[in-house]
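Enquirer: Now for the letters of each chain:
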Amino acid sequence: MAKKMLHSLTLNGEEVEVASAPEATLLETLREDLRVLSSKRGCNQGVCGACTVIIDGKPVRSCLTLTARCEGHDVRTVEGLSDDRILNALQKHMVEAGGVQCGFCTGGMLMSARNLLAEVPRPSRDAVKSALSGNICRCTGYRTIVDAVCGAAEELAQ
Amino acid sequence: MTELLFPTTVEEAVALLAAHEDARPIAGGATLVAMRNAGLVESTHLVSLDRIAGLAGIVRLEDGRIRIGAMTKHAETASCEMLSGSLEVLRKAAGMIANRVVRNMGTMGGSVANADPAADYLPALACCDAVLTIAGPGGTREVSILDYVEDWYETALGEGEIITAFTLPAPYAAASSYRKIARVSGDFATASCAMALEADGQGVRVAIGACGPGPIRDPEAEAALCGHLGDPEAVATFAKALADQADPVDDVRGSAEYRLQLIPRLISGVLNDISKETV
Amino acid sequence: MKIAGEFEIDAPRAEVWEKVRDPQVMVQCIPGCEGIEQIDATTYRSQVSVKVGPIKATFNLKVEVVSEEAPHTVLSRTSGEEGTRASVVSSENVLRLAETPEGGTLVSYEADVSMTGRLGKFGLGIFRKKADQLAGVFVENFRAKLGVSA
Numbered sequence: 014m015a016k017k018m019l020h021s022l023t024l025n026g027e028e029v030e031v032a033s034a035p036e037a038t039l040l041e042t043l044r045e046d047l048r049v050l051s052s053k054r055g056c057n058q059g060v061c062g063a064c065t066v067i068i069d070g071k072p073v074r075s076c077l078t079l080t081a082r083c084e085g086h087d088v089r090t091v092e093g094l095s096d097d098r099i100l101n102a103l104q105k106h107m108v109e110a111g112g113v114q115c116g117f118c119t120g121g122m123l124m125s126a127r128n129l130l131a132e133v134p135r136p137s138r139d140a141v142k143s144a145l146s147g148n149i150c151r152c153t154g155y156r157t158i159v160d161a162v163c164g165a166a167e168e169l170a171q
Numbered sequence: 002m003t004e005l006l007f008p009t010t011v012e013e014a015v016a017l018l019a020a021h022e023d024a025r026p027i028a029g030g031a032t033l034v035a036m037r038n039a040g041l042v043e044s045t046h047l048v049s050l051d052r053i054a055g056l057a058g059i060v061r062l063e064d065g066r067i068r069i070g071a072m073t074k075h076a077e078t079a080s081c082e083m084l085s086g087s088l089e090v091l092r093k094a095a096g097m098i099a100n101r102v103v104r105n106m107g108t109m110g111g112s113v114a115n116a117d118p119a120a121d122y123l124p125a126l127a128c129c130d131a132v133l134t135i136a137g138p139g140g141t142r143e144v145s146i147l148d149y150v151e152d153w154y155e156t157a158l159g160e161g162e163i164i165t166a167f168t169l170p171a172p173y174a175a176a177s178s179y180r181k182i183a184r185v186s187g188d189f190a191t192a193s194c195a196m197a198l199e200a201d202g203q204g205v206r207v208a209i210g211a212c213g214p215g216p217i218r219d220p221e222a223e224a225a226l227c228g229h230l231g232d233p234e235a236v237a238t239f240a241k242a243l244a245d246q247a248d249p250v251d252d253v254r255g256s257a258e259y260r261l262q263l264i265p266r267l268i269s270g271v272l273n274d275i276s277k278e279t280v
Numbered sequence: 002m003k004i005a006g007e008f009e010i011d012a013p014r015a016e017v018w019e020k021v022r023d024p025q026v027m028v029q030c031i032p033g034c035e036g037i038e039q040i041d042a043t044t045y046r047s048q049v050s051v052k053v054g055p056i057k058a059t060f061n062l063k064v065e066v067v068s069e070e071a072p073h074t075v076l077s078r079t080s081g082e083e084g085t086r087a088s089v090v091s092s093e094n095v096l097r098l099a100e101t102p103e104g105g106t107l108v109s110y111e112a113d114v115s116m117t118g119r120l121g122k123f124g125l126g127i128f129r130k131k132a133d134q135l136a137g138v139f140v141e142n143f144r145a146k147l148g149v150s151a
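Chains as they are written, first to last, in the working numbering: chain Z, 14 to 171; chain U, 2 to 280; chain X, 2 to 151.
Hints may be right or wrong, so weigh each one.
What the hints assert, rightly or not - Some residues of chain X that are not near chain U, with every Cβ distance over 10 Å (derived):
hint	residue
1	25
2	42
3	47
4	56
5	127
As the list claims (entries may be wrong) - Okay, derived cross-link-like pairs now, DSS-like style, lysine-lysine, Cα gap no bigger than 30 Å in a straight line:
hint	chain 1	residue 1	chain 2	residue 2
6	X	131	X	57
7	X	3	X	57
8	Z	142	Z	105
9	U	93	Z	71
10	Z	17	Z	105
11	U	277	U	241
12	X	3	Z	16
13	Z	71	Z	53
14	X	63	X	20
15	X	57	Z	17
16	Z	142	U	277
17	Z	17	Z	53
18	U	241	X	131
19	Z	16	Z	105
20	X	131	X	20
21	X	3	X	52
22	X	3	U	241
23	U	93	U	277
24	U	93	Z	142
25	X	146	X	63
26	X	63	X	52
Said to hold, decoys possible - Simulated restraints, written as ranges between beta carbons of each label pair:
hint	chain 1	residue 1	chain 2	residue 2	range
27	X	61	U	152	24 to 34 Å
28	X	50	U	221	36 to 46 Å
29	U	269	X	5	30 to 40 Å
30	U	184	Z	168	49 to 59 Å
These are calculated hints, taken from the structure and not from any lab test.
Think of the CB as a built atom: it goes at the ideal place given N, C-alpha and C, for glycine as much as any other residue.
Produce the entire structure from the sequences given, and follow the hints as far as they go.
Expert: Structural data, given as structure tokens:
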């Protein structure tokens, strides 16, 4: 077992100290050490998007982020956005549109979609598809997810 | 086990790379961490470049040239308004790398240092005549992008050296464009083409990506094409000259033969983009 | 992945054959080869390192001569793995020596290589390019050993 090291970071608005391997990825730290489980380990290569989190307001891959490099940065996962207006609208529309089947990709989808709606309040359908192009879903065929994001955007704009 | 080191100056980073035999610099991590996760690379020390002040960001120099710091993220390059006209090709290439999320992570320096032949920056930078600033144990030196790639994944970067910046000639008002053929949006290029119109509107600079160890450019063929951009025969001759210098691989993205066939199509496509903008 | 090539050596076939079948000559000619040990009449063990960009790999190989017809043909089989890592490589190889009208030797080789594990992921396309490159280095070394120029 590799030696662990103390890392301090801001997770969902709270200062946390966590013991992880020196070269641990944020995904490993979140899931294995902090038991924050909304970020999933899919490909571990930055391709599937299931591990997407928001750092300093921007979505990034937690599987490609080293925990040691997060010191002094603001890390947010789905758990830390439970009162977020945009996220709540997205969650509601994902359920209504049937955008969740197995749910493995959902956390990452929400992170990417939330960032899009924060930057572009009324995106075109193509802009939604483009924003979600780095998130892979093996169940839904994407249509219902894009429906959900467009539906949430419409509701938020009212 | 890997130890992470956090230098705050370029000099310190270079000294750390020299001090540990198996040390490797890490820029945005988008490729290196993925390779580590796949068990493809390992090193005793990673020298993290993210806390060095002044390595990120895009500035216009007094003489009009543009300098892009090596740690500048693809997302910033993809939305930089200074990269217009003859340099728009670089902005377009940055915007086609992977997807929005990965563009928030990857950096120009990291991508170019890794020198994946199918990555987007190499042909775009080659078409812009970019110059790399490289810092190392022997001090700082400048290398033209055209002399940078030496072989498959082999570059002019020596032991313990890092790229610190990219300098581009001052942009001028002329069309430039980038296209790539990829299996899906955001994948590495099967083949790609970067093109910029010369200031006189008569000639073009063209670089082909993903069809050899480094970007393919041929100034002689460019000179011969000058003044004949509207002549399909001259364009075909030009495309053949570039395809003759290609040395593509057979891989999951396409066969070598297929890649050779893409070269003339890409050149016509990008030429079409440019003439549309010019009209 | 099929790798094939040929090159001419300005030396008589009998001499080329002798060198090709001498492990001590081969170890000095194969780029990245760190030793060849003869296990029995037809089996050899060897360690070879290759580097492709950021990736370094060292293979422990077993080379088995399946059949040989002096002084012109060797059929062999290579198998091996990368230390404790998951990459497994195997290949079937054919080496032929033909006399040229000028009194030299035409060496031709074919290998059908398969690779699985971490290096398989990286893509065989790039390894074929690397193999061609290494073959070029081998030819240079081999010519130097025989004291002939290109």
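Enquirer: Now tell me, hint by hint, if it's right for this structure.
Expert: These are the hints, each one checked on the structure:
Taking the minimum C-beta to C-beta distance to chain U, about 30 Å, the non-interface status of residue 25 (chain X) holds against the 10 Å cut. Here residue 42 (chain X) stays apart from chain U, with its beta-carbon at least about 37 Å from theirs, past the 10 Å limit. For residue 47 (chain X), the condition that its CB be more than 10 Å from all CB atoms of chain U holds, with the nearest at approximately 23 Å. For residue 56 (chain X), the requirement that its beta carbon stay farther than 10 Å from each beta carbon of chain U is not met, with the minimum near 5 Å.
Against chain U, the non-interface label of residue 127 (chain X) is violated: not every CB pair exceeds 10 Å, the least being about 6 Å. Taken as a hint, the residue 131 (chain X) and residue 57 (chain X) pair is honoured in the structure, with Cα atoms around 13 Å apart against an allowance of 30 Å. A distance of roughly 22 Å separates the Cα atoms of residue 3 (chain X) and residue 57 (chain X); the hinted pair therefore holds under the 30 Å criterion. A C-alpha spacing of about 19 Å is found between residue 142 (chain Z) and residue 105 (chain Z), which places the hinted pair at or below 30 Å, so the restraint holds.
Note on residue 93 (chain U) and residue 71 (chain Z): the hinted pairing holds, with a Cα-Cα distance of about 21 Å set against a maximum of 30 Å. Between residue 17 (chain Z) and residue 105 (chain Z), the direct Cα distance comes to roughly 40 Å. Violation of the 30 Å bound is thereby established for this hinted pair. Simply put, residue 277 (chain U) and residue 241 (chain U) have alpha-carbon atoms about 23 Å apart, close enough for the 30 Å limit, and the pair holds. Annotation: proposed proximity of residue 3 (chain X) to residue 16 (chain Z) is violated, straight-line Cα distance about 44 Å (limit 30 Å).
Proposed proximity of residue 71 (chain Z) and residue 53 (chain Z) is supported: the alpha carbons are some 18 Å apart, at most 30 Å. For the hint pairing residue 63 (chain X) with residue 20 (chain X), the CA-to-CA distance comes to about 20 Å; that is within 30 Å, so the pair holds. The suggested pairing of residue 57 (chain X) with residue 17 (chain Z) holds, with an alpha-carbon distance near 27 Å, which does not exceed 30 Å. Restraint check for residue 142 (chain Z) and residue 277 (chain U): satisfied, since their Cα atoms lie roughly 27 Å apart, inside the 30 Å limit.
The suggested pairing of residue 17 (chain Z) with residue 53 (chain Z) holds, with an alpha-carbon distance near 22 Å, which does not exceed 30 Å. A C-alpha spacing of about 26 Å is found between residue 241 (chain U) and residue 131 (chain X), which places the hinted pair at or below 30 Å, so the restraint holds. Using a Cα cut-off of 30 Å, the hinted pair residue 16 (chain Z) and residue 105 (chain Z) is violated, with the two alpha carbons roughly 43 Å apart. Proposed proximity of residue 131 (chain X) and residue 20 (chain X) is supported: the alpha carbons are some 24 Å apart, at most 30 Å.
At most 30 Å may separate the alpha-carbon atoms for a hinted pair to count; residue 3 (chain X) and residue 52 (chain X) meet this at roughly 20 Å. Note on residue 3 (chain X) and residue 241 (chain U): the hinted pairing holds, with a Cα-Cα distance of about 28 Å set against a maximum of 30 Å. The hinted pair formed by residue 93 (chain U) and residue 277 (chain U) meets the criterion: a straight-line CA distance of about 16 Å does not exceed 30 Å. Taking the CA atoms of residue 93 (chain U) and residue 142 (chain Z), the gap is near 19 Å; set against the 30 Å cutoff, the hint holds.
Between the alpha carbons of residue 146 (chain X) and residue 63 (chain X) the distance comes to roughly 24 Å, so the proposed pair stays at or under 30 Å and holds. In summary, the hint linking residue 63 (chain X) to residue 52 (chain X) is supported, as the alpha carbons are separated by about 20 Å, within the 30 Å threshold. Roughly 27 Å separates the CB atoms of residue 61 (chain X) and residue 152 (chain U), a value that falls within the hinted 24 to 34 Å. A beta carbon spacing of about 40 Å between residue 50 (chain X) and residue 221 (chain U) agrees with the range 36 to 46 Å that was offered as a hint.
Remark: the range hint 30 to 40 Å for residue 269 (chain U) to residue 5 (chain X) is upheld by a beta-carbon distance near 35 Å. A hinted range of 49 to 59 Å for the beta carbons of residue 184 (chain U) and residue 168 (chain Z) is inconsistent with their spacing of about 35 Å.
Checked against the numbered hints given earlier, the structure breaks hints 4, 5, 10, 12, 19, 30 and satisfies all the rest.
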